[in-house]
Every structure is written in C-alpha cells, then in structure tokens.
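Start from the sequences and build out the full structure, keeping to the hints where you can.
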Amino acid sequence: MDSKRNMVPSSDHDFAAPAPRIPSPNPTPRRIGVYAREGGIDVAVVARHATRVDLCILADDGTAHEKRWSLLGPEDGIWHGHLDGAGLGTHYGFRVHGPWDPDAAMFHNPAKLLLDPYGRGLAGSVQMGAAVHAHTVDEDLYPATYPLEQSDLNSAPYMPHSVVVSTQFDIADKPRTPWDQTVIYELHVKGFTLNMPDIPDDLRGTYAGLAHPAAVDYLKKLGITAVELLPIHAKHDETFLIERGLTNYWGYSTLSFFAPEPSYATEAARRRGAQGVIDEFRGMVSILHQADIEVLLDVVYNHTCEGSETGSTLSWSGFDAPLYYRFDHGRPRRMIDVTGTGNSLNTDEPLAMKMVLDSLRYWSREMGIDGFRFDLAATLGRFSTGFAPMHPLLIGIGTDEDLCQDKLIAEPWDIGPGGWQTGNFPSPFSEWNDRYRDTVREFWLSDFRSLAMGRGAIGPMKLATRVSGSSDLFAHGGHRFDGPRRSVNFVTAHDGFTLADLTAFDHKHNMANLEQNRDGTTNNHSWNHGIEGTIAQTPVDDAHDALNGSPASSDFLQDIYPTRHRSQRNLLTTLLTSSGTPMIVAGDEFQRTQFGNNNAYCQDSPISWIDWNMSDSQKQQLATVRWLLALRRHHPVLRPSLFADGRIAEGDVIADLGWFDRDAHDIAQDGWAQEHNRVFQMLRSGYQLGDRDALVVVNGTLDVATVRLVSGRGSDWYVVMDTSWSCPSDGGINVEGDIERLERGLPDRLEVVRCGDEVTIEPQSVIVMLSARTPHHSVDYGRD
656 MDSKRNMVPS SDHDFAAPAP RIPSPNPTPR RIGVYAREGG IDVAVVARHA
706 TRVDLCILAD DGTAHEKRWS LLGPEDGIWH GHLDGAGLGT HYGFRVHGPW
756 DPDAAMFHNP AKLLLDPYGR GLAGSVQMGA AVHAHTVDED LYPATYPLEQ
806 SDLNSAPYMP HSVVVSTQFD IADKPRTPWD QTVIYELHVK GFTLNMPDIP
856 DDLRGTYAGL AHPAAVDYLK KLGITAVELL PIHAKHDETF LIERGLTNYW
906 GYSTLSFFAP EPSYATEAAR RRGAQGVIDE FRGMVSILHQ ADIEVLLDVV
956 YNHTCEGSET GSTLSWSGFD APLYYRFDHG RPRRMIDVTG TGNSLNTDEP
1006 LAMKMVLDSL RYWSREMGID GFRFDLAATL GRFSTGFAPM HPLLIGIGTD
1056 EDLCQDKLIA EPWDIGPGGW QTGNFPSPFS EWNDRYRDTV REFWLSDFRS
1106 LAMGRGAIGP MKLATRVSGS SDLFAHGGHR FDGPRRSVNF VTAHDGFTLA
1156 DLTAFDHKHN MANLEQNRDG TTNNHSWNHG IEGTIAQTPV DDAHDALNGS
1206 PASSDFLQDI YPTRHRSQRN LLTTLLTSSG TPMIVAGDEF QRTQFGNNNA
1256 YCQDSPISWI DWNMSDSQKQ QLATVRWLLA LRRHHPVLRP SLFADGRIAE
1306 GDVIADLGWF DRDAHDIAQD GWAQEHNRVF QMLRSGYQLG DRDALVVVNG
1356 TLDVATVRLV SGRGSDWYVV MDTSWSCPSD GGINVEGDIE RLERGLPDRL
1406 EVVRCGDEVT IEPQSVIVML SARTPHHSVD YGRD
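The numbers in the sequence shown follow the working numbering, run straight up by one, and end at 1439.
Quick caveat, the hints were computed from the structure, so don't treat them as lab data. It cannot be assumed that every hint is accurate.
Simulated crosslink set (DSSO-like; lysine-lysine; CA at most 30 Å straight-line) [claimed, not checked]:
| no. | residue 1 | residue 2 |
| --- | --- | --- |
| 1 | K1009 | K1274 |
| 2 | K829 | K1009 |
| 3 | K875 | K829 |
| 4 | K876 | K829 |
| 5 | K1117 | K829 |
This is how it looks when you write it as structure tokens:
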C-alpha cells in the first residue's frame, strides 16, 4: 500500500458509468458484511438513501486496478449479492451513489472508495489529504465552499482496503474468572512490551510480544487475572495530530469496529497480510487464556475517526450518515457531539445498534475476547431525549447469550447533558467508579496537602463508603444482588497522572502535546509533597539543581522520596483491601512516571512507553504490590462479594463490617466528619467466607497515633502489611517464597499483636492484620 502515497488523485474515472450487475443475490442479506462461502463471497451493506452501490474488487499489490460490480437492492435499505470466484484474501471496498445534499446529511459520492463498516481485515492505512473528503477542501483541509461542494477526486489511492479473512484455529477456552477474584491490569499493547527485557526485538510492541513467555510470566507473578487493552480496533489519526507530527497513541479514533490495528502486529505477520494480523491477535488471546489470564478490550463505539460533518469520508458517512451518526433536526443539519470528538454514534437507529452488537459478538465468539470496557458508555445509552438506563442497546448487550457471560464494564459518562451516570447502568454491567478514584486521592493526597499547610481536613466518612463497596451508588434496586463487583475501583487510569506522578506533581505538564498545556484535567487531587516535578528516579543532586537556587535542602530532598513512596503504598493498600473490582494501570506497581503529563494520548514516545530499568525503590514497590495481590487472592475477607450491612450473621459474634475509632469505640454518627477520626479501624468478619477476620488500621494524620485494637472475637492479630515498611521484607516477609506459602498459612515471621492491645501507628500509614484464628476454629490455624 505504501506505493500509493505518490499517486495523483484522479478525477478522470467515470464512476457514473454502469457497472456489471452482480450475478446472484446473497441468500442471507441481513447478515451484514462480506463472508467467504461456496467458492465466492456473500456481500451485504446498508445504504438506505443510495441509488446504487458498487462492490469494488481491488488489487492487493498496491496498484490502482479495480473491478466493480453493482449490488442488488435495496431491500429494506440493504444492498447485497454473491460474487463467485472471490474468497479469502480478497481486497475490496465500496462506492456509493446517491443524492449529494450535505444540508440534509447526505454525503454520497462515488468518487470515494469506502471501507466496509463490517470489514474484519484491513490492509494499508489512510493517507490524509483532500481526496479522502467527500467535499472540496482547501490546502488546510477546511471546506473550500459553503454550502459544501462535492469533490470529484478519486480517494482509492489514499485508502486502505477491507480484506476477507477467516478464523481458522481454535482459541483456548476462556478462563471465566469470577468477579470477586478479578484484578484488572490496564495496558497498551505497544507501550507495555516495547522495552521489556527478554522479549526479542522483532516481537516488542506487538500482540506476539504480549504473548511472549517473558510478558506472561511477569503478569502471572504480579498476580493480575485480566489484561484490559487500550483500544486495538483499527484506528486513524486526527488531522490536527498529523499536522503536529503526533499520533493518537491511545487509539480512541476508530477506523473499524471489526478489524484489529495492524501496526501492533509483528512485521512477519503484516507481510502475510490481514490474515496474518488476525492470526497473531487470536494466538495472543489463546496463549493468555492458557495462562488463565482474561483479555478485555477497551472499545470505542461512541464515535468514529471521521470527525464532524466537515471531516473525512472513509466509511460510515459515505454509506448513510443519518443512520450511523446523531444529527440535529435543522437545515443545514449538524452533528450532535457528546463525545468531544466531532460526532456521536446514533443509537436511536436499530441498524446502528445492530452494528455494535455484531461487532461485540464477533470479538467475543470469533476472537476469544473475555470482556469489554465501553468508552464514554453514556453515549451508547442515549436517545435524542437523553440517557436511558434501559436503552435497548444496553439491554441487548446485557442479555445476549454470549456477551452476558463476558465482563461488561461501562465508563459511565460522556460530556453531553446528563452525562454523569455512575451507578445507573443495568445488570450485568460493572462501572468505572470515579467517586472512588477522587475520594481515595483526596484522603491520601489533597487532604494531606491541606493538613501540611495547617488548614485541616475532613474525617473518613467518604473513604469508608468507597472502601466498603460504594453501596450508595451500586446497591439500589435489584443491583444490590450484584454485590460490590459492580464498582471497578481505580486510583489511576490511562488518562490522568500515573500513581508516581500523583505524588510528585501538583500541576499537569503537558507541553509535549503541543496544546500549550491546555489539554488534560486540572482536577487531579494530587500532592507533590513540597517540590514540583522531581521524580523518584531522579538523583537527589540533580533534583536540587533543578530547583534553581531554591532554599530547599538536600536533607529535605532525601526525605521527600520515601514520603511519596509511602503515599503510593497507602493508595495501593487502600485499593487492594477495598470491596469491589480493582484496576491497576501498567507500571504503577513500580512507580512508572509520565514526567507530569496527565494526558499522554498523543505520546508514542518514552513518555508513554514503560521503562523496565528499575531502581531499588521501584523493585520494593513491585514486591509490595505482588504481596498485596497475593493476600487478596488467598483471603476472601479482603475482597467481599456481598455488600455488608453492619449486622451479625447467624452463628457469628461480630458484625460483617464494623468501624471503630482509635479507642476501639464505634464511630458515632456525628464523628464521621471529624478530623480526629482520621485515625480509625475497619473490622471485617471472615465467618461467612470461611476465612480469617481482617482488621485495617488507618492513620490519616501527620502525627504518630496510639490505637487500642478492637477485641473482635478475641483472637490475636498477625500484621501482614504496614505501609510504613519500604518493602514487605521490613515486616519479615520473603515475598518470593511466602506468596507460595499463603495457600498453607501465613509466614512464621510475622509480628503478633494481642487483641485489645495498644499499638503505635506511624503518620500517614495503614496497617493490615489478619486474625490468628478463623471464626470456625478455636486454635491458631495460622503459621506455616
């Protein structure tokens, strides 16, 4: 396809000339897309207002050779046919004839070669320029005239091809990890493995690289159960990024809802063409399944890469813009944008909903995907009148016999009216919990900045609600029976600061994005601990020089890193002892930095790529996260699957969940907002889980605190985590060996604390304890 770059767009083709009529009908025209069958291909596309649709069979050698066939129809807006002699590997596209009336959202233009909206294979990429616009544009690609004038430039030399592919081999069975055992790890296919040691150079940054034993071994040892891949649907970069020499690295700019992004495949796979890319992707999924790791996709069905009504015409808008996109009812009609990207998918339309459902079923059934995180999912639940929790698309996804068994996760907002919908998605959806993110950050970071400045901070009321599963958001109506798993708890995500940067920057530093630092959120709830912009990997002397003569001392700089690391351990320990489904961003387990960039969507650079060269402190944090995940995995009391109600179950002697102050008294109703109660205890009963009890002691102040431990059921306590430790080894834990021993019991080197004793807890820290006895045993069951 690269040979097409230098071809001149031609306007000499007579696309209005009749094309041979396709010889026979497609027997199943409502099966939208192109499929190989019986020595030919079945074809069906939707173009309700078209007067003719031509199937274009294209050469796969980069030349402009093209053979056209006129499809039959329309039947209920569907054009179709069966073409003998074509099959797997066929390169194709479409040209659509019909009215040119942009003011009515009609952009038919047969000079434009269109990708199949259902195309499962993709060869080549879009070469942005005037030819890929249905209307005439100036040299900056802005409309040359108003009203828009139809362009006669042939876009074929600048367009990728759709390719007929197959799924030829079986994929290993889905692990089907229960929700209460799930730990999600969000990563970018390229950035995760590009610099990973022990992965061969030709596999780095690819699907095959993620399936390499070095990557799989790392994921297994870390203790996650599911990888959530940033978008891998084929993408196309926005014009403004191309002009700046940047790319849409994250991939939230979809070119195809069915084809995987070819650039993440190895060069060897790409040489085999679209089928090679498909096979490599499916092989990756199969290998991860064999390791009991689920594969979730971050999917973008709320908009496409075509942009607004003055954007490019690559696929959907050339077929049927009013079907696929939401428009107002004026004249000229304008696209409604509730996504911030120029267009919004029109989920009022059944055939647009069908496309989303068909895409999801394809990825689930044919590509082996275990679940989906829906970007800006509120858009998918919108009618023209606004969001509806019982929208037929959401219900269709949740009741499909295959999809309902997969993990469905909504990002429950968009930027339109009524766009914040956290807690309002129907079962079986889980949802990203932004209230959890903000509350945990506030308690451990922005509140501490306030305390350090002598301004005070509120008590633990909001934190307690979030740590116990956010029942205020997710337990209403019948949702209570879903349990806390509906809340996907996270402190960081791909958009925003990394965990390390949350503790090193008060302000975003996004100048590399070339938007004058205007992009990215300012609502970070971060705390730099006194110095802006130095990171844990920066030598102290260099950091001191970077202060440009500031009176800050080297002693202060020496102290600031351990304090930041403790803040990170507090955030991680809170996350991994909370009720709900935890999500960790790749690299946060070892203090990855983006150098203060909190919107690295366009940074295909070291800003985004994971640096695997770890300092000692990074290795210590990695050991801490592995230990926390192992504790969570082996002790259900740290991951309850039901909402607690504060009551004592039959046969038990303590409540399923209790909250106590530093003196072991119940926190009074009027005490939750008091700063004094930022030192508190959370007691969980393990009775109904057949597990030990858990006691979490929090010191959310700047002072050393003395805490009288609650008596519980009278058992002694083992200290299994203390965030004042720089590493679990400070507590006598050998992470490498003791993780394996957790199946048999707790390590024999742990500190024992008697119930009812007073303990000293360091400032700004958390202690996690497990009881020496289970509720069902009167003897110590605990040490190995």
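Going through the hints against the structure:
1. Our distance criterion of 30 Å between C-alpha atoms is broken by K1009 and K1274, whose separation comes to about 48 Å.
2. About 25 Å separates the Cα atoms of K829 and K1009, which keeps this hinted pair within 30 Å; it holds.
3. Annotation: proposed proximity of K875 to K829 holds, straight-line Cα distance about 16 Å (limit 30 Å).
4. Pair hint K876 plus K829 holds up; C-alpha atoms about 20 Å apart against a cutoff of 30 Å.
5. Using a Cα cut-off of 30 Å, the hinted pair K1117 and K829 is violated, with the two alpha carbons roughly 37 Å apart.
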